[in-house]
Amino acid sequence: MPDTDTIADLALEVRSKNAGPFWVTMEVFLRDAEGYDRVAFLDAAVVARLYGVDPAAVQVFRLPALNVVKISFPRPVPQGGLRDRDIHAGQHHVPLALLPVPD
Amino acid sequence: MTEVRVLTPTGMLGAGFPPETVTRGLELGADVIAVDGGSTDSGPYYLGSGTAKTAAGAVAQDLLLLLRAAATAGIPLIIGSCGTSGTDSGVDWVAGLVRGILAEEGLDLRVATIYSEQRAADLPLDRIQPLAPASELDAATLHSCTHIVGMMGHEPIVAALEAGADVVLAGRATDTAVAAAFPLMKRLPAGPVWHAAKIVECGGQCTTNPRAGGVLATIDTDGFTIEPLDPDNSCTPVSVAAHMLYETVNPFSMREPAGTIVVSEATYEALDERRVRVEGSRFEPAAQHTIKLEGARISGYETMSFTAIRDPHILGQIDTWAALLRKMIGEWVARTLGLGDGDYEIDLRLYGYDAVLDGIEPDRRPPKEVGAMLLVRAADQPTATAVAKVANPLMLHLPTPDMNYLPSLAFATSPAETERGPAYEFVLNHAVDVDSPTALFRIHLPEATDA
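Sequence lines, in order, name chains A and B.
When we follow UniProt numbering, the leftmost residue of the first sequence carries the number 1, and every step to the right adds one.
When we follow UniProt numbering, the leftmost residue of the second sequence carries the number 1, and every step to the right adds one.
For reference, chain A alone in the conformation it holds in the complex (with noise of 0.2 Å):
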C-alpha cells in the first residue's frame, strides 16, 4: 500500500508569507484539476487546528482556474516582537504542506 499522501505530494509549490505586519497567507498551489479536487478538505476549521488559531478569522480562497487554494489568517505572533521566530512568515507553509490529504 503506498503511503498517504500529503498536501506537498499533490502540489507544484506550497508557499507562506506575510500579508502586511498582522497577517499570514498560503497558497497551495496544485498541479492539476485532479489534484485541487482532493484538497477540497482544507476549510477554515482544519487550517484552525492546524496552526491554533481562531477558525471565524481564517480566510479560505480557491480559484479553480490557477489550481490554487489561499489560506490566510491574523498572524498569531506580531510581527518582529519577542516571540516572533519567523519574520517574514516564510516557513509557516510547512504544516499545511505535510498534512495528510483523505483518500
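To be clear, the hints were calculated from the coordinates, so they are not data collected in a lab.
By construction, the Cβ of each residue, glycine as well, lies at the ideal position given by its N, Cα and C atoms.
Any given hint could be a false lead.
Stated by the list, open to error - Facing chain A, a subset of chain B residues (Cβ under 7 Å, in silico):
(1) Thr40
(2) Gly43
(3) Leu245
(4) Glu247
(5) Val249
(6) Glu331
(7) Arg349
(8) Gly421
(9) Glu425
(10) Phe426
As the list claims (entries may be wrong) - List time: in silico SDA-like cross-link candidates among lysine to any residue, alpha-carbon distance up to 20 Å:
(11) A:Lys17 to A:Asp86
(12) B:Lys327 to B:Ala287
(13) A:Lys17 to B:Ala355
(14) A:Lys17 to B:Val356
(15) A:Lys17 to B:Lys327
(16) A:Lys17 to B:Asp358
Unchecked claim - Coverage of chain B stretches by chain A, computed from C-beta distances (three or more under 8 Å per stretch; other residues unrestricted):
(17) 27-35
(18) 97-105
(19) 132-146
(20) 195-209
Chain A is already provided as a structure; the job is to place chain B on it using the hints.
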C-alpha cells in the same frame, strides 16, 4: 496618451538588477520608471528606528542606472517608500544619494520629495478606524510610536509630476501607487492601471524566472499587456495571475486610499510565449478617502545569547532540558538580581528542533544538533544583559536530570551575549479618514534654481 508603458526594474530599490533590464525597457519605449523603495516585510525595526534595510552602496548603484536612464530618455523616475519604511529620514537619505549622483554625473533633473511622516498630536483620533484584526486606537498607543507614517496613494506623486518634477522621491506609499501615478495622470482608466501596478510592483516576481530582471507593463484604455525585460524570460497567464496572490490577504480585491481594486473578473490571455494580456479589472472608488497609518514603538531592549548542543544524550530529551533551563533561569535571576515575572521576558528557541514552528511543529524526532538561542527582553538594556549573563553558566553547563556530571555546551561566540538594542513592535493597523488625498503629505517641489 492612449497608452503608457511603465518600467519596473526590480521589486525593491537596492536589490539590484541587470543593467540590460533598463536598456531594454527604454528600447521598448518606457514612459516612466517606477520602483518601490520599501516594505514592512522585514519587521518593525526599520520604521521604529527610521533606518533603512538596504545598504547605501547598493541603493546608489541602482539609482545611478535609473537616473541615467531617466535623463537619457527624458522620462520621470518615481521611487516610493524611500529608505524602507518611508520615514522623513528615509526620504532624506535617498535624496542625499540622488543629489550626489546628479552632481557627479552632471545630470540636470528636477527632484521632488514627498514626506509622509505624521505627528501623533496632529492625527484626529475620532477619524481613525481599526483595520482587521486591530482594535480601537487609544491616544496613549498613538503617542507611544517613535515614527508614524501615512501611506499615500497616487495623488501626491501626481501633484509633484504635474509641478514639473523629473524625479519623485516619496515617503511611505502603497506599493501600487508608485506605478499607478503616471498612467493615472495621463488619464488612463483606473481599473487597468491599478491592476497593472499591482502586477509590476515586485518587478520580475510575476514572471517564470523572478531573478532575471524587471518587467514592462503597457497600459491602454481596455487593459494592459505585461512582458519581462529579459528576452529569455516569460510571463504566462499563470505567473501573472498568481502574482495577485503574493503577500495579499484577499486575491480578488485590494484596498487603496481612493478605492478598491477588483480583479475577480479579470482575464489573462497569452499573446505569445512571453507576453500576457489582462482585461476586465475594475476599480471601485470609495465614498470616503482613507489613509492607512503605520506606526512602531519600542517594546523593550533585547540581549541574545546562543549556545549549541551536539551530545546525543541531551538531544534525546531536549524538551526536558529546555524546561529545566527555563525553570532554573527564573530561579537564578530571582535569587541573584531580585527580578521576577513582569521585570523581564525570555524566549528560548531550539534551532534544529522546533524553533521555527514552535508549538505547531509536526516532527518531534530527536535532532542531531541544536542551537539554543536565548532572547531576553527587559525595559532597559542593562537588565536584559544581566539576565542573559546570569543564564550564561546554565547555557554552558546545564545537564539533564539523569546526568551525574556537568556537560560543557558549545557557545557560538565570545562574549556569548549580544546586545540587540531597542526592539520595536508595530502598533498601528488603522486608517484615517481624510478630506483631501494630499492633506497628510508635504510635497517639496524642485526649486527654480534646480531647473
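Does Val356 (chain B) sit within 20 Å of Lys17 (chain A), going by the straight-line distance between their CA atoms? Distance of about 14 Å is within 20 Å: holds.
Can you verify the interface hint for Glu247 (chain B): is its Cβ closer than 7 Å to any Cβ in chain A? At 5 Å from the nearest chain A Cβ, Glu247 (chain B) passes the 7 Å test, so the hint holds.
Take the C-alpha atoms of Lys17 (chain A) and Asp358 (chain B), compute the straight-line distance between them, and say whether it is at most 20 Å. Roughly 17 Å separates the two Cα atoms, so the pair holds.
Straight-line Cα separation of Lys17 (chain A) and Asp86 (chain A) no greater than 20 Å? 10 Å, holds
Holds or violated: Val249 (chain B) as interface residue toward chain A, Cβ cutoff 7 Å? 4 Å, holds
Tell me if Glu331 (chain B) is really an interface residue toward chain A, meaning its C-beta lies closer than 7 Å to one of theirs. 21 Å, violated
Hint check: Lys327 (chain B) vs Ala287 (chain B), CA-CA at most 20 Å. Holds or violated? Answer violated: Lys327 (chain B) to Ala287 (chain B) is near 56 Å, above 20 Å.
Given hint Ala355 (chain B) paired with Lys17 (chain A) - CA-CA distance at most 20 Å: 17 Å, holds
Let me know if the C-beta of Gly43 (chain B) comes in closer than 7 Å to any C-beta of chain A, holds or violated. 4 Å, holds
Let's test the interface hint: is any C-beta of chain A closer than 7 Å to that of Leu245 (chain B)? 5 Å, holds
Regarding the pair Lys17 (chain A) and Lys327 (chain B), is the alpha-carbon distance no greater than 20 Å? Distance of about 34 Å is beyond 20 Å: violated.
Glu425 (chain B) as chain A interface residue, shortest Cβ-Cβ below 7 Å: 6 Å, holds
Of the numbered hints given earlier, the model fails hints 6, 8, 12, 15, 17, 18, 20; all others are met.
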